[in-house]
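Take the sequences, apply the hints, and build the full model.
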Amino acid sequence: MAMLFRPKSFPRRYKNLAEKIKQDKARLDMICNVYRGIWTGVLHVFVVDESIINEWHLEKEALRPILRGKDIGPFRYKWAGKWVIYTQQKDFEKKFPNVIKYLEQFRVILERRSAV
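For the sequence shown, the positions run 1 to 116 when my numbering is used.
Wrong hints could be hidden among the right ones.
Each computed BS3-like pair below joins lysine-lysine, with the alpha-carbon atoms no more than 27 Å apart [stated by the list, open to error]:
(1) K95 / K60
(2) K70 / K60
(3) K20 / K60
(4) K22 / K60
(5) K78 / K60
(6) K78 / K95
(7) K90 / K78
(8) K95 / K70
In case anyone wonders, no lab produced these hints; they're calculated from the structure.
So, in structure tokens, the structure goes:
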């Protein structure tokens, strides 16, 4: 594995973390092939920004920050302020009524998509 950083150049408080990363032998590419990230079938429905969150009063507990491919570069990322609606939670409809109202406007689109 190529060394992406030199622990000796890190401040002392980061040295332990750098060593742990260096020693970890299990890498994602060793256990699976990543071809695609999140697949919703209708990304424009499930990925929202602050304007939609505020307009619909979406419950933050139903949202997760998301990085898209264009947000990631070599050795860096820049979060674009996008959130994905995470529906795989217990009692989703009861806990997040505003998210349900938001999704209702896309009912026809959501029903036509392939099973996800």
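For which of the previously enumerated hints does the structure constitute a violation, in increasing order of number? 3, 4, 6, 7 and 8
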